[in-house]
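As they're listed, the protein sequences go chains A, B, C, D and E.
Under the working numbering, the residue at position 146 of the first sequence is numbered 146, and the numbers go up by one with no gaps.
Under the working numbering, the residue at position 56 of the second sequence is numbered 56, and the numbers go up by one with no gaps.
Under the working numbering, the residue at position 78 of the third sequence is numbered 78, and the numbers go up by one with no gaps.
Under the working numbering, the residue at position 180 of the fourth sequence is numbered 180, and the numbers go up by one with no gaps.
Under the working numbering, the residue at position 200 of the fifth sequence is numbered 200, and the numbers go up by one with no gaps.
Simulated from the structure, these hints should not be mistaken for laboratory data.
All residues carry an ideal CB built from backbone N, CA and C; glycine is no exception.
Check each hint, because a few of them may be wrong.
[Said to hold, decoys possible] Which chain A residues face chain B? A few, computed with CB under 10 Å, are given here: (1) 23; (2) 25; (3) 28; (4) 35; (5) 52; (6) 56; (7) 60; (8) 70; (9) 71; (10) 78; (11) 91; (12) 92; (13) 94; (14) 97; (15) 233.
[What the hints assert, rightly or not] Computed list of lysine to any residue pairs in SDA-like fashion (alpha-carbon distance at most 20 Å, straight line): (16) 74(D) with 147(D); (17) 79(C) with 77(B); (18) 184(D) with 79(C).
[Unchecked claim] Beyond 10 Å from chain B on every Cβ pair, some chain A residues (computed): (19) 75; (20) 99; (21) 125; (22) 128; (23) 184; (24) 216; (25) 224; (26) 228; (27) 234; (28) 244.
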Amino acid sequence: MSMEVFLSNKRGILLAYDQGLEHGPTDFDERNVDPTFIMELAAAGRFNGVVFQKGLAEKYYDRRVPLILKVNGKTNLVKGEPVARQICSVKYASELGAKAVGYTIYAGSAHEDIMLEEFGRIQEEAHELKMAAIAWIYPRGEAIKNDTAPEIVAYAARTGLEAGADAVKIKYTGDVESFKWAVKSAGKAKVFMSGGPKAPTEVDFLTQVRGALDAGATGLAVGRNVWQSSDPLRTARALRKLVIENRSVDEALRA
Amino acid sequence: MSMEVFLSNKRGILLAYDQGLEHGPTDFDERNVDPTFIMELAAAGRFNGVVFQKGLAEKYYDRRVPLILKVNGKTNLVKGEPVARQICSVKYASELGAKAVGYTIYAGSAHEDIMLEEFGRIQEEAHELKMAAIAWIYPRGEAIKNDTAPEIVAYAARTGLEAGADAVKIKYTGDVESFKWAVKSAGKAKVFMSGGPKAPTEVDFLTQVRGALDAGATGLAVGRNVWQSSDPLRTARALRKLVIENRSVDEALRA
Amino acid sequence: MSMEVFLSNKRGILLAYDQGLEHGPTDFDERNVDPTFIMELAAAGRFNGVVFQKGLAEKYYDRRVPLILKVNGKTNLVKGEPVARQICSVKYASELGAKAVGYTIYAGSAHEDIMLEEFGRIQEEAHELKMAAIAWIYPRGEAIKNDTAPEIVAYAARTGLEAGADAVKIKYTGDVESFKWAVKSAGKAKVFMSGGPKAPTEVDFLTQVRGALDAGATGLAVGRNVWQSSDPLRTARALRKLVIENRSVDEALRA
Amino acid sequence: MSMEVFLSNKRGILLAYDQGLEHGPTDFDERNVDPTFIMELAAAGRFNGVVFQKGLAEKYYDRRVPLILKVNGKTNLVKGEPVARQICSVKYASELGAKAVGYTIYAGSAHEDIMLEEFGRIQEEAHELKMAAIAWIYPRGEAIKNDTAPEIVAYAARTGLEAGADAVKIKYTGDVESFKWAVKSAGKAKVFMSGGPKAPTEVDFLTQVRGALDAGATGLAVGRNVWQSSDPLRTARALRKLVIENRSVDEALRA
Amino acid sequence: MSMEVFLSNKRGILLAYDQGLEHGPTDFDERNVDPTFIMELAAAGRFNGVVFQKGLAEKYYDRRVPLILKVNGKTNLVKGEPVARQICSVKYASELGAKAVGYTIYAGSAHEDIMLEEFGRIQEEAHELKMAAIAWIYPRGEAIKNDTAPEIVAYAARTGLEAGADAVKIKYTGDVESFKWAVKSAGKAKVFMSGGPKAPTEVDFLTQVRGALDAGATGLAVGRNVWQSSDPLRTARALRKLVIENRSVDEALRA
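The task is simple: from the sequences and hints, build the whole structure.
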């Protein structure tokens, strides 16, 4: 039940690729629509982990990079209070080679209770099979006005810790100081910044990541900012410099 | 858990006959209301598979053609956000001789979560019993304005891949180019075009099928366009020419 | 899993007595309120089966007539979209001596999915214990304007066949021709006409039954038209003549 | 699964004390708020049974009087259509020494289906463990205008019989004649009149009980009219004369 | 299943720290946001128990102080009728070293039935594993106007007793006399006053606690009034004097 397998120098960069279910193929182009491309990128880019839904893991995962199996999910076609239920058993995730399960909790949703309960069960099953449990905590629903407000992000982080997550994936608040509080709220649960949509420039993105690291984050889970990049391997190298080697944005950009 | 049993020359034509539950007998006439007629047609027309609900499989299936057992379903009498739950266990489907289970997911429905979860469980059970899992992905519900819009069809295809379907049944978008994107989005999940309601002419229908094949589809699941045809066996021969022998619409029509 | 035990000359008359739960005692008088009276009537009237809820089977059933245990039910005090869930396990039904389970599906109700799913599970359990599964298919709910419209009755019949019912209990459409289509839609599932409320005269009732038989029905499930009759045994004899001996209404009335 | 243990001369008086959960302590005073007082009263008053929720049975029940464990319950703080789910397992009830389980069904509630289903399961479990199943049938919800109307009370009684209750607890209709019909509707299920709120005078209360007995009731389940009495033991003696010794109200009052 | 482990001189002070999930980190400062600080405080302050969610127990609990594992919870981001479902299994709580489980029931909520049922199951599992079951009973929802009204607090206490709680955590009513009734209503279930938000002054807080003890409470569960205190250990000492040594507020303040 350790996150160690996903870390180098106590830092980790996870390649997220669950957008096909969450957003649909509109996030993709001719190249990155193909999970084979992503699997290659994960290996060549020396990512510390790759995030797949069960269907991709079954058909494309080749065990070169540690796997986080996302065990719940939903389409964005549905309106109303969000809920995503388990679609992959923990046992099956383990058989597919996963070293961790990922689960999204929409904190603040009218269906929050369903997800907190389900994560509770999944977390125990994962730990029994020596897998880590990583929580994507996304405050959402009518009650949430701004999901990157510092107090909301800190609450998300804490929710993950309290619920037993070994690591939480949360959005960046926008500045180091307020994100520090979120990291502190997460306690011993490791914090991974959510990459989010493609940033206007690479500097913008790396600056955010640098901020998260300076605030105490363990790393990030990044998708679109890598595989929508014109040169994903170069972005991967830059991130590695920044995160694993703990360099500045400038040094990383020169990678 | 292979689709091979449903393919000839890597292509497949499935005879769909789950309309009795989904639409009621209004789709039928004196001849095709009788499942015996369909079973004969499936064999004589050399279909690669036949799709039945459990009741038909129990009383009419004779194992001459590989069986896809549709394990969920609903009537169209119900209004509101669509949901269809499991009505046949995977174990029972296997005992009835099925080589695959079929399951409809109404992506975009307010009850999408119930179906994604249920399919997730069914898919794992099917694979354990060496059966394929085929997903009918039908975007529906108040949130869906046009269920053949290219981005919606591509999202449907991708949803099936991500959820672990071995094959997806989706609607045709209307043109080759946009359907290519749907096929690409489905990745290694095989794409079967949904036959849909009876087309105005046979040429219209075959042209659609040709388009789907040119876009990369593995085949189609067809019901009304065959068994509502004045000469179902002739239509079956034409489809075989078109799909399995990969001929043109003109050549197929001369079959 | 055969209906044979409920048939004479391939025809069957089932004595329905689940009205106590479905309608309340308003259907009863001082005599027929007593299940002992019904048990005697079932035996003396040579019915092919008797329909009880679990409570009546436990306290009154004496095994002289084959038992159909109704395993779901509801009161008519509840308003809104109808739903009736399982209240007797299949195993317990078998221990009580039942040769079949009966289950009501309110097709078209907003809760249809719950009942289709539950019937699916019950049907498999029943077949494992060598019991038949009989579906009462009653289209109901806001979406249903007229539950004896021919296309609605045919849809009900077909729903039963598709869902795996060995027999369906449906309402009479009012004329032979349209009921023929319902019977055809039911395929190999045997059709039992629902007796319904007390008909104005015995001739009216027997004429309906004759119509159903002429349309291909296997028989009927009758309650109020027998046990609300001034001479239930005479009505039973008339029905036997009509149904089992396949006589005319006139001949039956002379019984 | 017999009610015998709760009867003397085929009659029974059950001391009901589930009001703490159902109504809150407003029903209590300094004396009767204490379950020890009730346990003593049950023994000294020679009641045929005592009704407790699991918490009281665990901490106060001493096995001097047969126990009916109430296995569902709710507070009256909740508004809307009533529902009470199982809060004590049948197995645990048995371990606590219960000879019967009690379960409330709010017939007519929009959630009636949940309770009928749950009672169905509980009743079978109870019978397997040789315990009786007693149903409190309370018609309630928006659809119910008057829960002591004769046809409503008779429906309640019948619902209990059909669902497999060994005994039903129902409200008194107000007169012997109409209650007779309710008792008849309950068939072999024994009828216990519900004591209800404290009657204006003891004569009023005993007259009601006498009416219920004359109508065929087996006895009553009484709470407030005993333990809110100024002299509970005297009331208990009066009830014993009336119910068990089948005396008149006058004779009972002289007890 | 005894509360003994949490008591000294039949009194107990529990250090509550489930606010991270229930309220979010807004309750915390740089020091008390860290569960290590709380664990140290629990030991150094000689608390009789410490209350953690599973995530904190897994990562911070060191067994120096008896553990109450809170097995359900929710964020306060969700609006509408409150519900909190189980997020930690009783078995897992036991493995983490807990001597009791804690569970919140929102009495009066439209979802009360879910929580009463879940607590019922959890309570039995806890007793089987020799753990106590402590109920946080918080009347809440649209139907509750004032959750410290004497009759509401007494109802909360009684609900816990009836449902089988070994101890209840309830709010203080504000005066000794009315709280006495609540304590009486709780019977043999031990009453712990809920500490609530930080009181204006320490005297205010200790006076409330003294009132609860004088009314018969076993002790209190306190969080913010201790760990938001400028000198938590001093507050702990004062509480110990007051509660365990049963001194006056003045004596306690001199601690």
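| task | Mind verifying the non-interface call on residue 125(A)? Its CB should be farther than 10 Å from each CB in chain B. | result | 14 Å, holds
| Proposed interface contact between residue 91(A) and chain B, which counts if any beta carbon pair is under 10 Å | At 8 Å from the nearest chain B Cβ, residue 91(A) passes the 10 Å test, so the hint holds.
| task | Using 10 Å as the Cβ threshold, decide whether residue 25(A) counts as touching chain B. | result | With Cβ-Cβ at 4 Å, under 10 Å, it holds.
| When the least beta-carbon distance from residue 97(A) to chain B is tested against 10 Å, hint result | 15 Å, violated
| field | Interface-negative label, residue 234(A) against chain B, beta-carbon threshold 10 Å | value | With a cut-off of 10 Å, residue 234(A) remains clear of chain B, as the shortest Cβ separation is near 25 Å.
| request: Answer holds if the nearest beta-carbon of chain B is closer than 10 Å to that of residue 52(A); otherwise answer violated. | output: Since chain B brings a Cβ to about 9 Å from residue 52(A), closer than 10 Å, the hint holds.
| query | When the nearest CB of chain B is found for residue 60(A), is that gap smaller than 10 Å? | reply | With a minimum Cβ separation of about 7 Å from chain B (threshold 10 Å), the hint on residue 60(A) holds.
| Does residue 184(D) pair with residue 79(C) here, judged by a C-alpha cut-off of 20 Å? | 26 Å, violated
| Was the hint right that residue 70(A) lines chain B, CB cutoff 10 Å? | This interface hint holds because 9 Å falls under the 10 Å limit.
| said: Using Cβ atoms and 10 Å as the threshold, tell me whether residue 216(A) really stays out of contact range of chain B. | reply: 33 Å, holds
| message | Can you verify the interface hint for residue 94(A): is its Cβ closer than 10 Å to any Cβ in chain B? | response | At 12 Å from the nearest chain B Cβ, residue 94(A) fails the 10 Å test, so the hint is violated.
| Assertion that residue 99(A) lies outside the chain B interface [Cβ separation over 10 Å] | At roughly 19 Å from the nearest Cβ of chain B, residue 99(A) sits farther out than 10 Å, so the non-interface label holds.
The earlier numbered hints that this structure contradicts are 13, 14, 15, 18, 19.
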